[in-house]
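2 protein chains.
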Amino acid sequence: MMNVSNVIERLREIMEDETTDQLKEELAGFHSADLADIFQELKPEERLTCFKLLDIEKAAELMEYISPQMQVELLGDIDQEIASKILTRLPHDAAADVLGDMEEDETETYLDKLPHKFSEEVRELLTYNEDTAGGIMNPVVLTVNSDMSVQDVLNYIRIKAERDNLELYYIYVVDKQNHLLGVVSLRKLLTSPVNKKVEDIMISDIVKLHVDDYSDYITDEFMKYQYNALPVVDLYNRLKGMITWDDVHDLFEEETTEEIYQSSGISTEVVDEDEILTGNILNAIRARTPWLFITLLGEFIAVNVAHHFDHTIAALPIVAIFMPLLAGLGGNIGTQSITLMVRGLSTGQVTLSSAFHHILREMLIGLVIGSIFGMLVTMVTWGWQHNIELGIVVGIAMTINMTMATIIGTFTPFALKSINVDPAVASGPVIATTIDVVGLVVYFTLVSVFLLKVL
Amino acid sequence: MMNVSNVIERLREIMEDETTDQLKEELAGFHSADLADIFQELKPEERLTCFKLLDIEKAAELMEYISPQMQVELLGDIDQEIASKILTRLPHDAAADVLGDMEEDETETYLDKLPHKFSEEVRELLTYNEDTAGGIMNPVVLTVNSDMSVQDVLNYIRIKAERDNLELYYIYVVDKQNHLLGVVSLRKLLTSPVNKKVEDIMISDIVKLHVDDYSDYITDEFMKYQYNALPVVDLYNRLKGMITWDDVHDLFEEETTEEIYQSSGISTEVVDEDEILTGNILNAIRARTPWLFITLLGEFIAVNVAHHFDHTIAALPIVAIFMPLLAGLGGNIGTQSITLMVRGLSTGQVTLSSAFHHILREMLIGLVIGSIFGMLVTMVTWGWQHNIELGIVVGIAMTINMTMATIIGTFTPFALKSINVDPAVASGPVIATTIDVVGLVVYFTLVSVFLLKVL
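These protein sequences, in sequence, are chains A and B. Residue numbering for the first sequence follows the working numbering, beginning at 1 and increasing consecutively. Residue numbering for the second sequence follows the working numbering, beginning at 1001 and increasing consecutively.
I should point out that these hints are in silico values taken from the structure, not numbers from a laboratory. Some hints could be false.
[Unchecked claim] The calculated PhoX-like cross-link candidates involving lysine-lysine, where the alpha carbons are at most 20 Å apart (straight line), are:
{"id": "1", "chain 1": "A", "residue 1": "176", "chain 2": "A", "residue 2": "188"}
{"id": "2", "chain 1": "A", "residue 1": "196", "chain 2": "B", "residue 2": "1024"}
{"id": "3", "chain 1": "B", "residue 1": "1224", "chain 2": "B", "residue 2": "1197"}
{"id": "4", "chain 1": "A", "residue 1": "58", "chain 2": "B", "residue 2": "1117"}
{"id": "5", "chain 1": "A", "residue 1": "85", "chain 2": "A", "residue 2": "113"}
{"id": "6", "chain 1": "B", "residue 1": "1176", "chain 2": "B", "residue 2": "1160"}
{"id": "7", "chain 1": "B", "residue 1": "1113", "chain 2": "A", "residue 2": "188"}
{"id": "8", "chain 1": "A", "residue 1": "188", "chain 2": "B", "residue 2": "1160"}
{"id": "9", "chain 1": "B", "residue 1": "1085", "chain 2": "B", "residue 2": "1058"}
{"id": "10", "chain 1": "A", "residue 1": "24", "chain 2": "A", "residue 2": "52"}
{"id": "11", "chain 1": "B", "residue 1": "1058", "chain 2": "A", "residue 2": "188"}
{"id": "12", "chain 1": "A", "residue 1": "197", "chain 2": "A", "residue 2": "224"}
{"id": "13", "chain 1": "B", "residue 1": "1224", "chain 2": "B", "residue 2": "1208"}
{"id": "14", "chain 1": "A", "residue 1": "208", "chain 2": "A", "residue 2": "196"}
{"id": "15", "chain 1": "A", "residue 1": "58", "chain 2": "B", "residue 2": "1224"}
{"id": "16", "chain 1": "A", "residue 1": "85", "chain 2": "A", "residue 2": "117"}
{"id": "17", "chain 1": "B", "residue 1": "1117", "chain 2": "B", "residue 2": "1085"}
{"id": "18", "chain 1": "A", "residue 1": "160", "chain 2": "A", "residue 2": "117"}
{"id": "19", "chain 1": "B", "residue 1": "1024", "chain 2": "B", "residue 2": "1058"}
{"id": "20", "chain 1": "A", "residue 1": "176", "chain 2": "A", "residue 2": "197"}
{"id": "21", "chain 1": "A", "residue 1": "52", "chain 2": "A", "residue 2": "85"}
{"id": "22", "chain 1": "B", "residue 1": "1196", "chain 2": "A", "residue 2": "160"}
{"id": "23", "chain 1": "B", "residue 1": "1208", "chain 2": "B", "residue 2": "1160"}
{"id": "24", "chain 1": "B", "residue 1": "1085", "chain 2": "B", "residue 2": "1113"}
{"id": "25", "chain 1": "B", "residue 1": "1188", "chain 2": "A", "residue 2": "160"}
{"id": "26", "chain 1": "A", "residue 1": "224", "chain 2": "B", "residue 2": "1058"}
{"id": "27", "chain 1": "A", "residue 1": "85", "chain 2": "A", "residue 2": "58"}
With the rest of the complex left out, here is chain A (with noise of 0.2 Å):
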């Protein structure tokens, strides 16, 4: 593997040498996605440098491998009939995902600059949502009649595939309206006798998306059903385009990202995923506001919890200093029990007709760890305090309130699930307040009946 800060080093020297060929021949070394980790740690003058030294094929190359800002960064400081020449290269999907984030009259002014055709087919993606498999697939797609012989089919590939810079997985097959008839497996083609017709070596029964199927379902379909590229119909079951791995190997990490994002509250419905790590910082305020304001709520029910028991603090100051090692370890292992849910029924490791035991055996896990950890904190508070009726209640509290973290833990995405939330988003900050409010009545009660009077 390449060491990047090394090769940035190497860069470096040689741009402050000004020895222009030397550049040149090093860049065209890489490869475009190598290049695009160095373009990642380089400073935007030094990348806009590089750029231009690259052939247009490799500049190409490289637009796919990079993020789109840096796209829209680096083709807006070249020279735009040079920019126009890049976006004909690009496969069109990935043309027009450069040109949808531009600023609106820059897009028109470069649509107006590609050859008709191309500029026609990349306006038609640009009317779809770019979340659907409408914005997302590439129209160029290899279609076949059915009547045509394999060897027929072979000859087209020959012709066809090298000219318009086709991706080639599988043969998709349409009548003279388009409709889409059956796939051929390229693999199924190689290996059938020639004079065959296309007809008897389909498959007729089509796993197909449609232009407004959204990307949760795209990733659904291609991770159930394992294959490379899938078609595109409209509603008349008119071809539109295909979409491939390596497209839905994006959304995959996006999918994850926004995962990821929400079990920690922050919210992806309202701002771009994008632009809350990098963006304008309004945004990533806007996103990541909601849910500490929920918690906010949450946490003044169990201030207000407190104050119920302001009697209790008062009478015996030292059980206040207890409260966040409880509401702490509540929140540590409930947040396991949601994480290890909503993930499972993410995956579809877990359904909802298996509730029933998750709970019982996340409860049980609870009893254990919180029994173990009670007896530390007892035994710890005990030795430290020199207060064996603190230490058990402590103890007792930690040991409750753990067993029910996991059951709150457990039975919230399964509740969420069954009336068609995504527990992913509502799961984790609420349920942490839960734990708070429901470990602290449970803890000044225990204070309350027993530490009062027994002193």
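Use these hints to put chain B onto chain A, whose structure you have.
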């Protein structure tokens, strides 16, 4: 999309009527991926009934979509002869996975029943660590020599790919000793003149994996270069097999699960990730206890800090009830920062060189959100307790607490990364505890300095 529960209901009705032919026909109509979803929901004995009714081809296809546990369960419960036939139909890597999950003597029994060549190859796969390229790869690869013509290769594929059930993405070019020389994509092959030599169209600068590369490296390479398949070589550059996208897809899902587990303090180092959700309860406890234990130590520090301010609490019990509020919100916003940085470092959107920028950015976000929440808390507390001094102190503590939480949450992942510790492993629970401790010090100091003097 198919509605699984409706399907299950229908199947159960047919099973009750004991009309085997109808059940058989019904089952044959499903795609194997759908069958896998259905099997997931059936009871074990229903599953077995249905499995026995599948023909061998379909049963082998189904194997590739179900979990290892279910594979072993189903194969173990049917006739060994039939089980062997199903195994022989699987790709070598899938067969090795199933056999590797069985008891050792069972594995041997099956290996003895399989065709000699097949069992030899599977035996070799079983010698590799299952988390390395050797354990993941499929050893059956289509290879050609560099002096063959395109037409030769096409003819060769026609015979070879059909017979050996080969996956076709790329064709690997090797010398007589099976050293890897180059790669030709199917697309290139199909679009090149038939009399061209393979060596003239092959790419020699190949991205390849080694048999002992670990799964996280493999997923990184696939993510970076976005190929559909990568060749696997040994120390001497001899081609041993290839890994395809669908293998990596499973690895990728496993890695995501690990990343998500670790973020909530579930350790995947000692216990296999599969075991935590469904396996032995003691393993689940082993995976979950370590970080809880560290939280326990951290929270005892927090308790100790609070203990130092005993006199403050005794003098002014009301201040104690705000502890959960401060800890809860500090913890939440800090967790958001950690999540953003850990995920960003994992996808490459955030790099060490941008650490300073991100720390400043997060600090600013923490300050803005902290100020808003601080003001809210001040006003609510004032209105509720009619004590503006208390409100101001709690509000200021909230602002400082949330700002510090973002700084700690941003700084720690970078610090861990820079000393080559995986930030995902160590961040979550430790930082939550740190924020608790720091938050309490800030709060009680403010209370002691301002409130105890004011009163």
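A quick look at each hint next to the structure:
| no. | hint | in the structure |
| --- | --- | --- |
| 1 | 176(A) <-> 188(A) | 23 Å, violated |
| 2 | 196(A) <-> 1024(B) | 31 Å, violated |
| 3 | 1224(B) <-> 1197(B) | 30 Å, violated |
| 4 | 58(A) <-> 1117(B) | 45 Å, violated |
| 5 | 85(A) <-> 113(A) | 9 Å, holds |
| 6 | 1176(B) <-> 1160(B) | 18 Å, holds |
| 7 | 1113(B) <-> 188(A) | 30 Å, violated |
| 8 | 188(A) <-> 1160(B) | 12 Å, holds |
| 9 | 1085(B) <-> 1058(B) | 12 Å, holds |
| 10 | 24(A) <-> 52(A) | 9 Å, holds |
| 11 | 1058(B) <-> 188(A) | 18 Å, holds |
| 12 | 197(A) <-> 224(A) | 30 Å, violated |
| 13 | 1224(B) <-> 1208(B) | 13 Å, holds |
| 14 | 208(A) <-> 196(A) | 25 Å, violated |
| 15 | 58(A) <-> 1224(B) | 16 Å, holds |
| 16 | 85(A) <-> 117(A) | 14 Å, holds |
| 17 | 1117(B) <-> 1085(B) | 14 Å, holds |
| 18 | 160(A) <-> 117(A) | 16 Å, holds |
| 19 | 1024(B) <-> 1058(B) | 12 Å, holds |
| 20 | 176(A) <-> 197(A) | 17 Å, holds |
| 21 | 52(A) <-> 85(A) | 13 Å, holds |
| 22 | 1196(B) <-> 160(A) | 19 Å, holds |
| 23 | 1208(B) <-> 1160(B) | 23 Å, violated |
| 24 | 1085(B) <-> 1113(B) | 9 Å, holds |
| 25 | 1188(B) <-> 160(A) | 12 Å, holds |
| 26 | 224(A) <-> 1058(B) | 16 Å, holds |
| 27 | 85(A) <-> 58(A) | 12 Å, holds |
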